[in-house]
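Enquirer: Chains as they are written, first to last, in the numbering used here: chain H, 183 to 514; chain F, 398 to 606.
In short, the hints are calculated from the structure, not lab data. Mixed in with the good hints, there may be bad ones.
[Stated by the list, open to error] 20 Å max Cα-Cα, derived EDC-like pairs, lysine to aspartate or glutamate:
| hint | chain 1 | residue 1 | chain 2 | residue 2 |
| --- | --- | --- | --- | --- |
| 1 | F | Lys427 | H | Glu447 |
| 2 | F | Lys569 | H | Glu447 |
| 3 | H | Lys499 | F | Glu499 |
[Unchecked claim] Take a look, some chain F residues computed to stay more than 10 Å from chain H by CB distance:
| hint | residue |
| --- | --- |
| 4 | Tyr431 |
| 5 | Met544 |
| 6 | Trp567 |
Beta carbons: idealized from backbone N, C-alpha and C, even for Gly.
Chain residues, written in single-letter form:
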Amino acid sequence: MPIICLGLEGTAHSFGAGIVTSEGAVLANEWDMLKPSQGGIHPREASRHHSDLGPSIIGKALDTAGVNYKDIDLIAFSRGPGLGPCLRTTATMARTLAAKLGIPLVDVNHCVAHIEIGNLESGFNDPVTVYVSGGNTQIIAFAGGRFRTFGETLDIAIGNMLDVLGRHLGMPFPAGPMIEKAAKEGRTFHSLPYSVKGMDLSYSGMFTSAKRLFSEGVPIPDICFSVQETSFGMLAEIAERALAHTKKNELLLTGGVARNNRLTEILTGVSERHEARFHRVSPSLAGDQGAMIAWNGILQYLSGHEIKISNSHVLPKWRTDEQDIIWRGQNE
Amino acid sequence: MSNTILALGAESVIFKTRRWNQFFVLKWRKTKPYLLEEIDTLLRKTRTSKECRTLTIARELGVRTPAVYSVDLNNYSILMDFIEGTQFKLLVERLDQKQLLELCQRFGQSIAQLHQGGVVHGDPTTSNVIVDKHFHLWLIDFGLSEMNATVEMKGVDLHLIRRALETTHWDKQELMLNATIEGYIDTIGKEAEDSLSRMNEIRERGRYH
Ligand SMILES: Nc1ncnc2c1ncn2[C@@H]1O[C@H](COP(=O)(O)OP(=O)(O)O)[C@@H](O)[C@H]1O
Ligand SMILES: [Fe+2]
Ligand SMILES: [Mg+2]
Chain H
183 MPIICLGLEG TAHSFGAGIV TSEGAVLANE WDMLKPSQGG IHPREASRHH SDLGPSIIGK
243 ALDTAGVNYK DIDLIAFSRG PGLGPCLRTT ATMARTLAAK LGIPLVDVNH CVAHIEIGNL
303 ESGFNDPVTV YVSGGNTQII AFAGGRFRTF GETLDIAIGN MLDVLGRHLG MPFPAGPMIE
363 KAAKEGRTFH SLPYSVKGMD LSYSGMFTSA KRLFSEGVPI PDICFSVQET SFGMLAEIAE
423 RALAHTKKNE LLLTGGVARN NRLTEILTGV SERHEARFHR VSPSLAGDQG AMIAWNGILQ
483 YLSGHEIKIS NSHVLPKWRT DEQDIIWRGQ NE
Chain F
398 MSNTILALGA ESVIFKTRRW NQFFVLKWRK TKPYLLEEID TLLRKTRTSK ECRTLTIARE
458 LGVRTPAVYS VDLNNYSILM DFIEGTQFKL LVERLDQKQL LELCQRFGQS IAQLHQGGVV
518 HGDPTTSNVI VDKHFHLWLI DFGLSEMNAT VEMKGVDLHL IRRALETTHW DKQELMLNAT
578 IEGYIDTIGK EAEDSLSRMN EIRERGRYH
């Protein structure tokens, strides 16, 4: 009999409940995202969103999966990294369920879960992962028993940068899709600060200059075009450094910004140059959702890990490389 | 003239070539067709000229670097000395602890010499350090280097060293980082504090709070 896991995700502005079996079948994956009125994430507002909608989202997931509470063998929750209030609300729901149903609880690292669900979908074993979302911009790879962050943004995350810029240009939240659409109409490239430091990058200079272009009357499509080419070019470069450095031969693109087709095209080119296979995680598994938490919960549980409720305090600053990846060998 | 490919880097193709009965390295920044052409061209041009300039400046600051013989800004390539030796990255596992710490200290000293001269390396990983048979350190790969460095830029340079140690030499990262910082402080003295505290601050940015 396969094990069935209910996974709860709630690190930032999305709450999700996913139901996944130990055979890797995603039976349900329901979520709802709080659309902030002012852009940026408001921790308290988001945690209220999670506690208000959480129970009904979990109920919907059970309906979709066609299972009952008594069919669930395991509860997994996103323990970090993320916003304290959101994490605590989600963890409380997970603990309550685990206690009430008398089943084990597993604590999952959000960033690691993004990678492993991508591996499940792609069949990859050991990729360099480009994880790009509203809150994160990281290049992660497995080395020495841990997932390690080879590069990341030194200031704002790419998704956040696109959303805030979009708001400035008069676009509704989330602005990413509209920026992509507008960029297709762009004709003139305006040079913007390109800032790569080793395998890290920085977007704040580019962001400031892009806003200046707007006040100088440069057409919005040209701004979007220039911003995409510059910011994605920087990502491509650090992904390339990580591939050259680790000599791995798989490249995985995940996170909400993975929806962008131009970014996908650029990273496809990168993977060809380095003779690596490429996979973009499909939108329903690339965003913040519960299925990835459930799947990682299963991986951890089957290799012998669970957590006592009394030890399950949340970890808002949980670094990707702080978790022993016990379900993988030492040096895959 | 004979060419063999020595390495395929993130940015470049490295050839080992024999001319005038001597070995040289030809570093060629090949085009990347998946980038916007304007960006590709600008990067190839600025990286090539920065690398060339800083290789020379670094040597004037007392850091061993390959001498540059010619630059081709149409083809974005640099002809420089071939350094006979081993990448520091590959040596780490083979050295005994005393030798390793000694090399880390010298690495820290070299970075400090650059910083004192207002230069940051920009990609200070153990892949970009060559150790020769006399146990001398050579720094290479200056395409991301900058001059007129601020405290912030030096802090980032040190942050990148820590990052490289924790991703590549995870089982020795603390030892290696401490020795590197020791070498850095030995050379710069009290002023090292500013860049070192900036290094710690930078690590916390970009993360959730
Ligand atoms: N002057 C040199 N002498 C000997 N080996 C070199 C020299 N320059 C580069 N190499 C070798 O080639 C590799 C890649 O060169 P590098 O300049 O770091 O290119 P990239 O910018 O692509 O990383 C180095 O790690 C080193 O092993
Ligand atoms: Fe995420
Ligand atoms: Mg290099």
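Enquirer: Checking one constraint from the list: CA of Lys427/F to CA of Glu447/H, max 20 Å. Satisfied?
Expert: Cα-Cα ~19 Å, so holds.
Enquirer: For the pair we were handed, Lys499/H and Glu499/F, check the Cα-Cα distance against 20 Å.
Expert: Status violated; Cα separation ~34 Å.
Enquirer: Would you mind confirming whether the straight-line C-alpha gap from Lys569/F to Glu447/H stays at or under 20 Å?
Expert: This hinted pair is violated, its Cα atoms lying about 38 Å apart.
Enquirer: Quick one: work out the minimum CB distance from Met544/F to chain H and report holds if it exceeds 10 Å, violated otherwise.
Expert: holds, 15 Å
Enquirer: In terms of Cβ atoms, is chain H entirely out of 10 Å range of Tyr431/F?
Expert: About 2 Å separates Tyr431/F from the closest Cβ of chain H, which leaves it inside 10 Å; violated.
Enquirer: Hey, is Trp567/F genuinely clear of chain H, shortest beta carbon separation above 10 Å?
Expert: Given a closest Cβ separation of 5 Å, the condition is violated.
Figure legend: structure checked against the earlier numbered hints; hints not met, in rising order: 2, 3, 4 and 6.
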